[in-house]
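Protein chains in written order, with numbering that gives the first Met the number 0: chain A, 0 to 216; chain B, 0 to 47.
Derived from the structure by calculation, the hints contain no laboratory data.
Some hints here could point you the wrong way.
To be verified - Okay, derived cross-link-like pairs now, DSSO-like style, lysine-lysine, Cα gap no bigger than 27 Å in a straight line:
(1) Lys-65(A) <-> Lys-31(A)
(2) Lys-168(A) <-> Lys-41(B)
(3) Lys-41(B) <-> Lys-65(A)
Predicted, not measured: the structure shown is a model, and the values here were computed from it.
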Amino acid sequence: MSKAPAPAGPLDRPASAPSGQHRSESDRIAFKREMTAVIPHLRAFARGLCGRPDLADDLVQETLLKAWAAQDRFEPGTSMRAWTFVILRNAYLTDMRRNRFRGEYDEGVAERTLTAPAGQEGPLHLADMHRALLTLPHERREALLLVGAGGFSYEEAAEICGCAVGTIKSRVGRARAALSRMIENGEMPRRGKGGEDAAHRAIMKDLDHVAHGGTLD
Amino acid sequence: MQPETTRAGRKARPEWADGLRQLYDSVVNEPLPDSFADLISKLDDTGK
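Could you build the full structure based on these sequences and the hints that come with them?
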């Protein structure tokens, strides 16, 4: 990444840092600590986006390397989670365009990893939820993940996705409506009954669309 | 089209909203695979 010389302006540096050279050791340590702390969130976001735990973790690793290389561009005091989500999202989109996620949804792994915690078993199995989520167009899925699962505000989500707040609201609204419809009408994609096919088809549709330079609004 | 099922969950948060959060949290709460610790520890030397 760009090897920016030590920034001169006070705005670029936290007050405690020594001016000039030495992009201080303590900065680096703080950065690494913060970055490490958000890894679980990156994994959750990535898993929601791409469905396959192994690919999701690859994506997170790629994200961490990119974030580390770009750390000079991180403004201390801002949200590390939001900053790294942007990097992860861009990496995902790039990989999507390269068709890296054209693998099938790994049903077995999802089944193992997405069991509801004991005592909180709802009528809805988490794996069903995940399958339903994966049938949504990518841009709606990510909007819903950010706001409905990750707890970001609409404004933060808009910033992460590089779009208008209204666009995020509309994507989240459509995603919610689609999931509600599936659930209320009992149209949850079922495991082994073509559910993963539906999810797969939806992802394939996204891929084709995005591969041709489209957006998914 | 379903007949009028006036589900109570309609106005309140839909019941699956918690499921969405749980889905996310279930991954957040997983123990981290060792590969991440390995990667992080390597960053010391290669930091650019």
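Do the hints match the structure? See the list:
Between Lys-65(A) and Lys-31(A) the alpha-carbon distance is near 13 Å, which keeps this suggested pair within the 27 Å criterion. At roughly 40 Å between alpha-carbon atoms, Lys-168(A) and Lys-41(B) are farther apart than 27 Å, so this suggested pair is violated. Taking the CA atoms of Lys-41(B) and Lys-65(A), the gap is about 14 Å. The hint holds against a cut of 27 Å.
Hint violations for this structure: number 2 only, all remaining hints satisfied.
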